[in-house]
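Asker: Chain residues, written in single-letter form:
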Amino acid sequence: MRDKLIYGAGIFAALYFVRNLYVILLQLPDEAMQGAVYRIFFFHLPPYFTAVACFLGAAIASGLYLKTKNWKYDVFAVSATEVGLALAAINLVTGMIWGRQQWGIWWTWDARLTSALITWLIYLGYLMLREGIKDPSERAKNSAVLSIFAFFAVYFTYKANEWYRTQHPGPVLTIRTGKNTIDPAMQAMLFHNLGAFLLLAVVLVAVRMNLEDSQRAVESLRRRAHAIA
Amino acid sequence: MTYFNQVFAIAGKDLRSELRTKEALNASLSFAVVILLLFSFVVDPDSEMLEQMSGGLLWMVFAFSGVLILNRGFARELPNDCLDALIASPIPGSALFFGKAIANFALIAIIEAICFPVFGILYNLTWTAQLPVLVAVSALATWAMATLGTMFGALTVNMQLRELMLPMLIYPMLIPALMSAMQLTTLLVAGQAIDSEHIVWLRVLIAFDIIFTSLAAVLVETVLVG
Amino acid sequence: MDQRNFEYMFYGLAAAWTILCLYALLLTSRGRKIQSEIDHLKRMLDSSPKK
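Protein chains in written order, with numbering that gives the first Met the number 0: chain A, 0 to 228; chain B, 0 to 225; chain C, 0 to 50.
Take the hints with a grain of salt, since some may be wrong.
Chain C stretches covered by chain A per the calculated footprint, using a threshold of three residues with CB under 8 angstroms from any CB of chain A [stated by the list, open to error]:
{"id": "1", "segment": "14-22"}
{"id": "2", "segment": "29-35"}
{"id": "3", "segment": "40-46"}
Don't read these hints as lab results, they were simulated from the structure. Glycine included, C-beta positions come from ideal geometry on N, C-alpha and C.
With the rest of the complex left out, here is chain A (with noise of 0.2 angstroms):
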């Protein structure tokens, strides 16, 4: 039922992207100064807030973890934090590829880039720990600890970096800005891919979720073979 219940998802999510996709190339009307290439920016800023919204969860799930000592939640904070990682790539790859063209450089020691590769690397350091520790219940409890820890430090990173210097294109959410100062046609769109990615990022989770299930499974499966043996 699960399963189905995924890949049913799976489907949809797919469906969605192909829909938002033929509206993004071919219904949307060009952006003045930057010609195609602002489309890019479909694919950089909803996987972002994707991937916030995938660390906001993971840091939950550690809380709730730490509180209940429930396995799901540390199998959700796992899933849900490599996933993020996954999106997060592509928010950075997607801004390098745009900067390149509009700016002309890769890369720029701007605060807003400089936050989100920092958050990158907490996050790889977090799979990192995870990694190291072998003893389950301590791993848990470990990397719980340290989910709650990176969440603040990246809210605080990002908040340091505002105050400092930046050449990244500010806000241009009508609810951040307050004004109308983006097509509605390509603030929609903003919102369909956003819906798009979170959908597929709960797929993507549900099916992490399996694997580390199943993960689990072989470790106690080798725990009985060891005692046999």
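Fit chains B and C to the given chain A structure using the hints.
Answerer: Relative to the frame of chain A, chains B and C by itself:
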């Protein structure tokens, strides 16, 4: 025994055992001097550039050599199962944490107290013009290193790759604190006071200390006891 | 559609989808590896004499 006595008992124990053997301190100090020397090849030592980079250079030195000290913090307790004995002793986990953080803070402060004059001599800089403020800024940034380092020392103490994991985990997280310390130190070493443009860095530093010290104090019991 | 900067738009979208596909492939290959390990361990446990 009051809470403060417990904290200082732990800190005193750590400092005594370190000052008697000096194993981490000597290694860390010679490492710091070697990096200070290496920087003379990175940037022309007589140029104006150096003054603009002084904060960055110094805090790189402290961050690199500080990790050697932080690594020893909990690893020191591993032989003879001392860590288990400490956890079983009737003091709260946060007292153990603050004791160790204070000891780490003091040891890194010793390194800094030696590195500042050595830096001044080797690179012909008068760095004492804003000494009291410089000491305060260094103390804030060192405390940031000490809390995060002690906390993550506790997280990684049972790992095989502990000496590699600790810097991997704390450097990215420390960036806001280190960045502020670098900006402010450059300013202060050049003899200028902290103006309204730079006060924001001081705020970042103080906020960093408050947030991560309280977070660590809340979570350390879980890490140590489980 | 405006043809300006079309090339870089293509690179950007291609990169985004490549990363997603790589991650999906990573997940399936890991899943397959774990499944074969489970099968292997189960066979081992079934064949070994119970104590």
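Asker: With reference to the structure, classify each hint as holding or not holding.
Answerer: These are the hints, each one checked on the structure:
no., hint, verdict
1, 14-22, "holds (count 5)"
2, 29-35, "holds (count 4)"
3, 40-46, "holds (count 4)"
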